[in-house]
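S.K.: Residue numbers (our numbering), protein chains in the order written: chain G, 200 to 350; chain C, 200 to 350.
Treat the hints as calculated values from the structure; they're not laboratory data. Any given hint could be a false lead.
Claimed, not checked - Calculated pairs, DMTMM-like style, for lysine to aspartate or glutamate (alpha carbon to alpha carbon, straight line, at most 25 Å):
hint, chain 1, residue 1, chain 2, residue 2
1, G, K218, C, D278
2, G, K212, G, E291
3, C, K218, G, D278
4, G, K218, C, E333
5, C, K212, C, E347
6, G, K212, G, D326
7, G, K218, G, E336
8, G, K218, G, D308
9, C, K218, G, E333
10, C, K212, C, D246
11, C, K212, C, D314
12, C, K212, C, E291
Protein chains: 2
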Amino acid sequence: MTAPQPRRAAERKADTLAKLMAPAADAWVATAGERAHLVPLSIAWVDGRIVIALEARSVTARNLSASGTARLALGGTRDVVLADTTLVATHEVTHAPPDLADAYAAQSDWDPRADAAGYVFLVLRPDRVQAWTEVHELAGRTIMRSGEWVV
Amino acid sequence: MTAPQPRRAAERKADTLAKLMAPAADAWVATAGERAHLVPLSIAWVDGRIVIALEARSVTARNLSASGTARLALGGTRDVVLADTTLVATHEVTHAPPDLADAYAAQSDWDPRADAAGYVFLVLRPDRVQAWTEVHELAGRTIMRSGEWVV
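All chains, full assembly: derive it from the sequences and hints.
M.R.: Take a look at the structure:
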């Protein structure tokens, strides 16, 4: 058996962007309140930000409003993208910038404007992104630091 | 188009147990510290408990020691199992009950006893379990409450 070759940073970045930009992409969204919360949510990748849409009264939205941070996972458990993010904007769905709402509806498989009442768009800025498959790729897994891609 | 039929509770329970007992099963493990943490870890299902093995100094182990709780996701984002769990036992890998360590090694694709130093088994008791695929299965998604299966 040949040992698998770890991907270089440029390849990991390309694979990560493909996951972020995929039609109907979902992420596992972890937030901290008194306990950890974790739910799957549809995402859109808009101008270097991850956009999610959810009920303002949901645990995830309340945790994000209070703490300002979330950790997101995309991909499978053996083809991982993890993003530590900061909440940079909140828009009620009915008053969101049209470009943002259009971009979300175009990538996602639903348009929150159809549900409207009580939903918000949360705009998350990735600060650190890690990408790895299995143990042989743990080294070199950090491909964004302090909001800047390393390649 | 026919509307998809939601699974009954018994079927959701069976599907959930299949995920928990699958060879080389992984879970996304969310824990709360100052921020939310989230990592993929191999699990074993042993006597109604979820067992994970990890470095005692890892963020996840430290968060679990401090808070006593974790929220785990198994399956895909559109075939979800979510388990709210409580830490009920911690064993250094080298001093773990042999039955527990053997069961973990048998289901997982690695034996933490080979790495040994610094690793612990954490035994998590599920308190609440939810299982759903997509929107049509949100109703009826809670299949365990207060540690008891609803069916």
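S.K.: Evaluate each hint against the coordinates.
M.R.: Status of the hints after comparison with the structure:
Restraint check: the Cα-Cα separation between K218(G) and D278(C) comes to about 18 Å, which is no more than 25 Å; the hinted pair holds. Between K212(G) and E291(G), the direct Cα distance comes to roughly 31 Å. Violation of the 25 Å bound is thereby established for this hinted pair. In summary, the hint linking K218(C) to D278(G) is supported, as the alpha carbons are separated by about 18 Å, within the 25 Å threshold. Taken as a hint, the K218(G) and E333(C) pair is honoured in the structure, with Cα atoms around 20 Å apart against an allowance of 25 Å.
For the suggested pair K212(C) and E347(C), the alpha carbons sit about 11 Å apart, so the restraint of at most 25 Å is met. For the hint linking K212(G) to D326(G), the alpha-carbon distance of about 14 Å falls within 25 Å, and the restraint holds. Proposed proximity of K218(G) and E336(G) is supported: the alpha carbons are some 18 Å apart, at most 25 Å. Restraint check for K218(G) and D308(G): satisfied, since their Cα atoms lie roughly 15 Å apart, inside the 25 Å limit.
For the given pair, K218(C) sits about 20 Å from E333(G) by alpha-carbon distance, which is consistent with the 25 Å threshold. Under the criterion of a C-alpha separation no larger than 25 Å, the hint pairing K212(C) with D246(C) is consistent with the structure, at around 16 Å. Between K212(C) and D314(C), the direct Cα distance comes to roughly 34 Å. Violation of the 25 Å bound is thereby established for this hinted pair. A hinted pair counts as satisfied when its Cα atoms are at most 25 Å apart, and K212(C) with E291(C) does not qualify at roughly 31 Å.
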